[in-house]
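**Student:** Order-wise, the sequence lines are chains Z and F.
Per this note's numbering, residue 1 is the first one in the first sequence, and the count goes up by one each step.
Per this note's numbering, residue 1 is the first one in the second sequence, and the count goes up by one each step.
Incorrect hints may appear among the rest.
Chain copies aren't distinguished; within one or between two, either way the pair holds.
What the hints assert, rightly or not - Pairs of lysine to aspartate or glutamate, EDC-like flavour, derived with a Cα cap of 16 Å: (1) Lys171 <-> Asp143; (2) Lys153 <-> Glu293; (3) Lys153 <-> Asp276; (4) Lys171 <-> Asp142; (5) Lys95 <-> Asp39; (6) Lys95 <-> Asp6; (7) Lys221 <-> Asp251; (8) Lys221 <-> Asp175; (9) Lys171 <-> Glu217; (10) Lys153 <-> Glu273; (11) Lys153 <-> Glu288; (12) Lys95 <-> Asp142; (13) Lys221 <-> Asp59; (14) Lys95 <-> Glu125; (15) Lys95 <-> Asp59; (16) Lys221 <-> Asp180; (17) Lys221 <-> Glu192.
It should be emphasised that the hints constitute simulated quantities derived from the structure, not laboratory data.
There are 2 protein chains.
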Amino acid sequence: MSHFADRLSAAVGRCGNPVLVGLDPRWEQLPALLREGIDPGSLQQRSVAYTRFCCGVIDVVAPLVSGVKPQAAFFEELGPAGMQALWDVIAYARKRGLLVVLDGKRNDIGTTAAAYAAAYLGADEASPWGADALTVSPYLGDDSLTPFVDVAKQRGAGIFVLVKTSNPGGKTFQDLMTGDRPLYEHVAALVESQSGQTLGACGYGTVGAVVGATYPEQLRKLRALMPRTWLLVPGFGAQGGSAADVAGAFDERGMGAIVNNSRGIIFAHARPEYRDRFGPSRWQQAVEAATREMVDQLRADTPAGRLGA
Amino acid sequence: MSHFADRLSAAVGRCGNPVLVGLDPRWEQLPALLREGIDPGSLQQRSVAYTRFCCGVIDVVAPLVSGVKPQAAFFEELGPAGMQALWDVIAYARKRGLLVVLDGKRNDIGTTAAAYAAAYLGADEASPWGADALTVSPYLGDDSLTPFVDVAKQRGAGIFVLVKTSNPGGKTFQDLMTGDRPLYEHVAALVESQSGQTLGACGYGTVGAVVGATYPEQLRKLRALMPRTWLLVPGFGAQGGSAADVAGAFDERGMGAIVNNSRGIIFAHARPEYRDRFGPSRWQQAVEAATREMVDQLRADTPAGRLGA
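Can you make the complete structure from the sequences, with help from the hints?
**Tutor:** Encoded structure:
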């Protein structure tokens, strides 16, 4: 299995855009068509609807983008049946050639962290879930990240460590000043160090960072502080981040960042500009239009325009 | 559903000890008897072995202690079949009258945090997993904790927020000085504030804190800083913490802290002092002996001796 950062670079270059489509299924927002005939009180039936919905999104976006980011929480919310749906969705996305970044924000200490890493990372049969990458929380410190890095290297997988999150409360602890810099820059320094020790041919490492789109200046600074680190940028679209806001996340080739959009793409059928145009039954066309719109915005207003198309 | 802290206080008082038994199944360490006839290459079969093992532990400890702490990672490591095993183990523990603290160290932002909370918290039918409490990571900040607190209050459940973890690398970020105090004391202040807003009749709140047993002085100080916060103390036994080390976690009545032991109890059959005494087939007697030993140690060397027996 080749290096994760190299696979990501190749996929982004091939697609000519840095769009990552977030798979955040929520029952109330599914297209009406997919809720028909389903008993909302049955977690099993809702899980089936989630799988159909996510696979329907994947069918649309697979020719357009490099990867998807399933949000574990929404599947976990449906109990064991939801976890089976998550497994099915990951497998289907991989089958369609997409990279899968599982958003689980996991972490623990020692052998427990190793269990999470073994569970989720890697595309080969050794991985029970088969994700290409996993989001990881840093609070437990350097030794909690080591097992993830080790397994990621072995399996050609990656991790994205939370550095600066897009929510208003992200500042509570992340922005606390320690010495001459905020906590999140300390986390960034550790991430960059680990990236530097796991470089692929593309110049980026196995260890990436999550940096929200809602803080453009911090994003630009973090790009400079972490020159060998892939950035996963959430917060575009529904959370308020624009293409101009994320421009600072890229390197001069238009590489080095993937920008996630969940609700703005997968629930595009409910956005005013698409609702009337496509109606409830053509929800997949709305997904396609919203994906293409985001691709165009990022190519127009960020260095991602320098990627081959 | 009554207040979580009140239920926890009542359970600890009834048992007369603060022992929490960690359910961390690991294939290689299961009693030989439970591995017989199981194909280790089958995640499905291993999941069945995990369920049998954990339920076997529960049968032994249910009359002795107030609760168990399943570690999600080890179940997630077995894919969807492992998640079904986790569900079965939680349900069985509750059926046997034990409180269930699921160790998942989850968190995310906004409605995603709400999905995790809805997934795991609460004993009623609204909860797909049915845990009494969940461990939660604080890095995402104050607004990421709010949905957990809200759901916990609604459902009579609780959360335990990571404050100071027991691993050596816990110091990487947690011990960074911000102003005149380390980061973990900022987290402690937020937790205590939230506990104070969710008090039960017992004088403790819905929001607890995870504080490792491996830092006795910090444990004592955090007890003082968080007088209304239940502490979940991991790191006893295999990780090096002794009864004397955790003495500072309790209030003067012997309440306010639950002390977790995973490997030292559930894999007691492999500990030198029990291996010869019980042999491989009487592994449940080893679990019972190790549990009673820990109860006796805590009652002898900590304020927990003041609990009714």
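**Student:** Decide, hint by hint, whether the structure agrees.
**Tutor:** Hint check:
For the identical chains of this complex, Lys171 and Asp143 are inter-copy neighbours only, at 10 Å across copies versus 24 Å inside a copy, given an alpha-carbon limit of 16 Å. In the homo-oligomer, the alpha carbons of Lys153 and Glu293 never lie at most 16 Å apart, since the shortest distance is 35 Å inside one protomer and 42 Å across protomers. Proximity of Lys153 to Asp276 under the C-alpha cut-off of 16 Å is found in neither arrangement, the shortest distances being 47 Å within a copy and 41 Å between copies. In this homomeric assembly, Lys171 and Asp142 come within 16 Å of each other (Cα to Cα) only across copies, at 9 Å, whereas the closest approach inside a single copy is 21 Å.
For the homomeric pair Lys95 and Asp39, neither the shortest alpha-carbon distance inside one copy (29 Å) nor that between copies (27 Å) is at most 16 Å. Taking the closest pair of Cα atoms, Lys95 and Asp6 never come within 16 Å of each other, the shortest separation being 19 Å inside a single copy and 50 Å across copies. Within a single copy, Lys221 and Asp251 get their C-alpha atoms as close as 12 Å, which meets the 16 Å cut-off; across copies the closest is 46 Å, which misses it. Taking the shortest Cα distances, Lys221 and Asp175 sit within 16 Å of each other inside one copy (14 Å), while across copies they are farther apart (24 Å).
Proximity of Lys171 and Glu217 under a CA criterion of 16 Å is satisfied intra-copy only: 14 Å inside one chain copy versus 29 Å between copies. Taking the shortest alpha-carbon separations for Lys153 and Glu273, neither the intra-copy value of 44 Å nor the inter-copy value of 39 Å comes in at or below 16 Å. Taking the shortest Cα distances, Lys153 and Glu288 never come within 16 Å of each other, neither inside one copy (34 Å) nor across copies (41 Å). Proximity of Lys95 to Asp142 under the C-alpha cut-off of 16 Å is found in neither arrangement, the shortest distances being 34 Å within a copy and 39 Å between copies.
Within a single copy, Lys221 and Asp59 get their C-alpha atoms no closer than 36 Å, and across copies no closer than 55 Å, so neither meets the 16 Å cut-off. Proximity of Lys95 and Glu125 under a CA criterion of 16 Å is satisfied intra-copy only: 14 Å inside one chain copy versus 36 Å between copies. Taking the shortest Cα distances, Lys95 and Asp59 sit within 16 Å of each other inside one copy (11 Å), while across copies they are farther apart (43 Å). Proximity of Lys221 and Asp180 under a CA criterion of 16 Å is satisfied intra-copy only: 15 Å inside one chain copy versus 27 Å between copies.
In the homo-oligomer, the alpha carbons of Lys221 and Glu192 lie at most 16 Å apart inside one protomer (13 Å), although the nearest pairing across protomers, at 34 Å, exceeds that limit.
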